[in-house]
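Asker: Single-letter residue listing:
Number of protein chains: 2
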Amino acid sequence: MNSNQTMVKMVFDRWYALIQKFDTILNSLTYDQLQKEIAPGKNRGIYLLGHLIAVHDDMLPILNFGDKLYPELNKIFIESRDKSITQIQSARELRTCWSKQNEVLTQKFNSLQPDDWFEKHNSVSSEDFIKEPHRNKLNIIITRTNHLSYHTGQFVLIT
Amino acid sequence: MNSNQTMVKMVFDRWYALIQKFDTILNSLTYDQLQKEIAPGKNRGIYLLGHLIAVHDDMLPILNFGDKLYPELNKIFIESRDKSITQIQSARELRTCWSKQNEVLTQKFNSLQPDDWFEKHNSVSSEDFIKEPHRNKLNIIITRTNHLSYHTGQFVLIT
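Order-wise, the sequence lines are chains D and W. Quick note: the first sequence uses this note's numbering, first residue 131, plus one each step. Quick note: the second sequence uses this note's numbering, first residue 131, plus one each step.
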């Protein structure tokens, strides 16, 4: 195993461990529980689920894997605060999106070779990438894993 | 910048960003607020602070940086649940530990060269490390950053 392979494994071990952790919590919750707030006056479980799907969906164009699967989620779960839009997807729909998305992401991730992860992503210019080689595709996984961890710590509170 | 340097920068950028985020939240809280639970019946802010200091303290021996600074925190903030031990450090004491610890950790981290981070840590045997080279020192920072992110997502709820 060369050092790029090692680094890719380190990063994806965390990503998949967190996805599995979130998935286990999600599967333990009823539809009613997903409507609960993580703490009084804070985001509801269903909003966090939609927010994570929307943020992970953004990785597809950033990593050059094609278009988003659910572009309609952006306005509701990233641009807007929870409870500011009353008409949102049902918990059942979001559960389906979450599962489907994880299948697609895993398939796309597996299509890259370790060295590919150190290439630039689509949110950085070629000029900037020469000066800032850490702004590579693997860094997108690192930052999104931390984001997922942050919200998993909140999501677990409604169990 | 070679690929090991790039990887080390990617990982430590996240670590320091999270430490700063937690620090900003901590500085915004009064001593009274630190006694509040993050959600009804869940951990208090002061417990999360002690828990993070205890977990980060463990990195010192694991990374071969010497003894723990606060070994007495382990029993209270890792082995025991919140509120099961009534005599714990004060919020003032823990704030001081947190600041001092971050100074020490930063100094220790800066003493290593990028390639050193891909050496084995002290919680893995030499035999296992040959088969599992991802169990290196940098991986300790990756996992602890995710852990810090998880609890920062909870800590922010008491603001």
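Treat the hints loosely; a few may be bogus.
[To be verified] Quick look at which bits of chain W chain D covers, simulated, 3 or more residues with Cβ under 8 Å: (1) 169-175; (2) 227-239; (3) 269-282.
[Stated by the list, open to error] Which residues of chain W face chain D? A partial, calculated answer using Cβ under 10 Å: (4) A147; (5) I149; (6) F248.
Keep in mind the hints are simulated off the structure, nothing from the lab. The structure presented is a predicted model; accordingly, all values stated were derived computationally and were not measured. Even for Gly, the Cβ is constructed at its ideal location relative to N, Cα and C.
Asker: Establish whether the coverage given for the segment 269-282 of chain W by chain D is satisfied; the threshold is a Cβ-Cβ distance below 8 Å, and no fewer than three residues must meet it.
Answerer: Answer holds; 10 residues pass the 8 Å Cβ test.
Asker: Verify the coverage statement for the segment 169-175 of chain W against chain D, using a C-beta to C-beta distance below 8 Å and requiring 3 or more qualifying residues.
Answerer: holds (count 3)
Asker: Quick check on the hint: F248 (chain W) CB to chain D CB, less than 10 Å?
Answerer: The hint holds - F248 (chain W) has a Cβ within 10 Å of chain D, the shortest such distance being about 6 Å.
Asker: When the nearest CB of chain D is found for I149 (chain W), is that gap smaller than 10 Å?
Answerer: With Cβ-Cβ at 12 Å, over 10 Å, it is violated.
Asker: Just to be careful: measuring from the Cβ of A147 (chain W) to every Cβ in chain D, is the smallest value less than 10 Å?
Answerer: Status holds, d = 8 Å.
Asker: Count the residues of the segment 227-239 of chain W whose CB lies closer than 8 Å to any CB of chain D, then report whether that count reaches three.
Answerer: violated (count 0)
Checked against the numbered hints above, the structure breaks hints 2 and 5 and satisfies the rest.
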